[in-house]
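For the record, the sequence lines run as chains F and Z.
In terms of our numbering, the first sequence has 176 at position 176, counting the first letter as 1, and numbering is strictly consecutive.
For our numbering, add 177 to where a residue sits in the second sequence, where the first one is 1.
Since the hints were made in silico from the structure, they are not lab data.
Heads up, none of these hints are tricks.
Dumping the calculated EDC-like pairs for lysine to aspartate or glutamate here, alpha-carbon to alpha-carbon at most 16 Å:
(1) Z/Lys410 <-> Z/Glu496
(2) F/Lys171 <-> Z/Glu184
(3) F/Lys16 <-> Z/Glu209
(4) F/Lys88 <-> F/Asp45
(5) F/Lys60 <-> F/Asp15
(6) Z/Lys342 <-> Z/Asp427
(7) F/Lys170 <-> Z/Glu184
(8) Z/Lys364 <-> Z/Glu415
(9) Z/Lys342 <-> Z/Asp434
(10) Z/Lys503 <-> Z/Asp355
(11) F/Lys134 <-> Z/Glu184
(12) F/Lys8 <-> F/Glu26
(13) Z/Lys503 <-> Z/Asp523
(14) F/Lys170 <-> F/Asp124
(15) F/Lys134 <-> F/Glu167
(16) F/Lys170 <-> Z/Glu182
(17) Z/Lys364 <-> Z/Glu496
(18) F/Lys171 <-> Z/Glu182
(19) F/Lys16 <-> Z/Glu203
(20) Z/Lys451 <-> Z/Asp461
(21) F/Lys171 <-> F/Asp124
(22) F/Lys134 <-> Z/Asp192
(23) F/Lys60 <-> Z/Glu209
(24) F/Lys88 <-> F/Asp52
(25) F/Lys171 <-> Z/Asp180
(26) F/Lys134 <-> Z/Glu189
(27) Z/Lys185 <-> F/Glu144
(28) F/Lys170 <-> Z/Asp180
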Amino acid sequence: MVNEEFEKCIQQMKDKDRLGLQSVYEAYNGYIYAILLSYVGRHEDAEDLTVDFFIHLWSKAGSYRPGSGHKAWITRMARNLAVDFLRKNRREIPAEEPAEQTGTPAQTVPSAEDTAVEKLGFSDLIQTLSEEEKRIVTMKIRGELTFKEISSILEMPMGTVSWKYQEAAKKLRRAQG
Amino acid sequence: MTDHEFEKRWNEMIDEQAPELWDRIEMRLAMEAGQEQSADLKQQAVVPKQAEEGEKTGFFRRLKGFFFGGSSLRTAASLTCLAVIVTAIGGGLSGMGGSAAAKGVLSSPAMEAADYDSMVSAKEAAVENGAMAGGDEVWSAETSASQTSGTGEAAGQVPEQAERKLIRNVSISAETMDFDSLIEKIKTQTSQAGGYIESSSIDGNRYGGSIYSRRSANLTLRIPSDQTDAFLKTLEGESNIINQSENLTDVTLQYVDMESHIKALRTEEEQLLKLMEQAESTDDLIQIQSQLTNVRYQIESWQSQLNTYDNLVDYDTVELYVQEVKQESLTGEPTVWERIRSGLADNTAALLNGIGNLLIWLITMIPVFAVIFAVIFAIIGLMRKVRGRRRNK
Chain F
1 MVNEEFEKCI QQMKDKDRLG LQSVYEAYNG YIYAILLSYV GRHEDAEDLT
51 VDFFIHLWSK AGSYRPGSGH KAWITRMARN LAVDFLRKNR REIPAEEPAE
101 QTGTPAQTVP SAEDTAVEKL GFSDLIQTLS EEEKRIVTMK IRGELTFKEI
151 SSILEMPMGT VSWKYQEAAK KLRRAQG
Chain Z
178 MTDHEFEKRW NEMIDEQAPE LWDRIEMRLA MEAGQEQSAD LKQQAVVPKQ
228 AEEGEKTGFF RRLKGFFFGG SSLRTAASLT CLAVIVTAIG GGLSGMGGSA
278 AAKGVLSSPA MEAADYDSMV SAKEAAVENG AMAGGDEVWS AETSASQTSG
328 TGEAAGQVPE QAERKLIRNV SISAETMDFD SLIEKIKTQT SQAGGYIESS
378 SIDGNRYGGS IYSRRSANLT LRIPSDQTDA FLKTLEGESN IINQSENLTD
428 VTLQYVDMES HIKALRTEEE QLLKLMEQAE STDDLIQIQS QLTNVRYQIE
478 SWQSQLNTYD NLVDYDTVEL YVQEVKQESL TGEPTVWERI RSGLADNTAA
528 LLNGIGNLLI WLITMIPVFA VIFAVIFAII GLMRKVRGRR RNK
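Working from the sequences, and respecting the hints, build out all of it.
In structure tokens:
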């Protein structure tokens, strides 16, 4: 969806036309769900939050400033929802910096990873990524955000974001078909 | 795997895992739209009341003050007359003497809006007179009432008018020349009315820089609802009120909600107790027991909320800010002479104040002047000496 389409949808939402929301939902349901899932971990929570997100979007349509990148806007909104959720549920907010700690053992031991990874398929490989890496890759590929936008949303230096993305991409490219 | 492939696979993965949520979203949207609507209705029910409340402080308040102190029957009768007037004006009906009383009485919803706390007595009168009124008249009177004030609609929605739960907040700024005695009077008045002081803070005299702040007090009083008007009237007499605002919150719906919640829980409790009597195994007993504890806990928590509401409804909150002044602000339009006099007085005071400040400045600056002059004299002296030496040479 390009900015103009999104603005049209927003206008529809402001006029209380659900079609606008539905178009946004069809375009971004998967994206928002993936981002939220990377934060909360549980599928049920992510589903609830995705519903919350679209309700939130519906009520906050008026606060959208046309012209700015809408993808960054909705990503930020999703991120804030997720952080709020984690705060309310008194769970630890996954640190947005040290990826090593949240990663699977395969990551912490690169040599083992190198040997094991060769035989794995794409979907298996995804499991070796940390939630944070998944988040960044999703934002970059699906959200088509720039590293700058991602670094501002995640409040993380741009270099770190770019590095993490490259690392994750490197792992995934090894997939066998 | 190329970058392109990798991106494609990632997107596929996201699409695969995405759940179907639109139905849920639509449901929530519908729910929220419903809530908004009911909130709108609630506001409709409350707003006209508040609008009329404003009037009450003016015309109706004075009228009520006029009749104040009479027996409840007299109050009801006078309110009836009032309502007759309102009905006649609004409906454009040629009020016939005989049925007028019935009409007036039955337009009580309109009247209620104007003066809710006399509602109980008005209702009593309505019951008395209503028995005499014919069916048709009842209907026409009600119609005219709703035409009259627009509150008829709201009144129709909630039948038990007299049981409305209203939280009343009054906030007042007042000034006085006799600070101590006013505070003292407020305290005695509050306890006489059966209320209490929730919080109070009094700032004493202080002199900060060139600003002299006089004493002021912030009081939060809780006065029994039926006493508030009398209390406010006394306060009006004792001090000069510069600002007064009122706020009514209608919690009837929440209140009724809570009550029915508690009722349901009580039924559950009873059933559990019955079950407990029939229980055969210890396991069952323990389970029922724990459920019972849970239910009782819930009842307690609802009840405590209900009690909070009760307190808020039974006791009006009066926030009072009292300031001590040298001269009370003028309340009426000043005459030319008064304006000349106050202008002259102000300017004279300002002039005297200025002269005083200048004197203070001169005197307080003496040490500084001393140092400056000392330095200047020292320099002049030195220069003279130097010149003298040169001449000597």
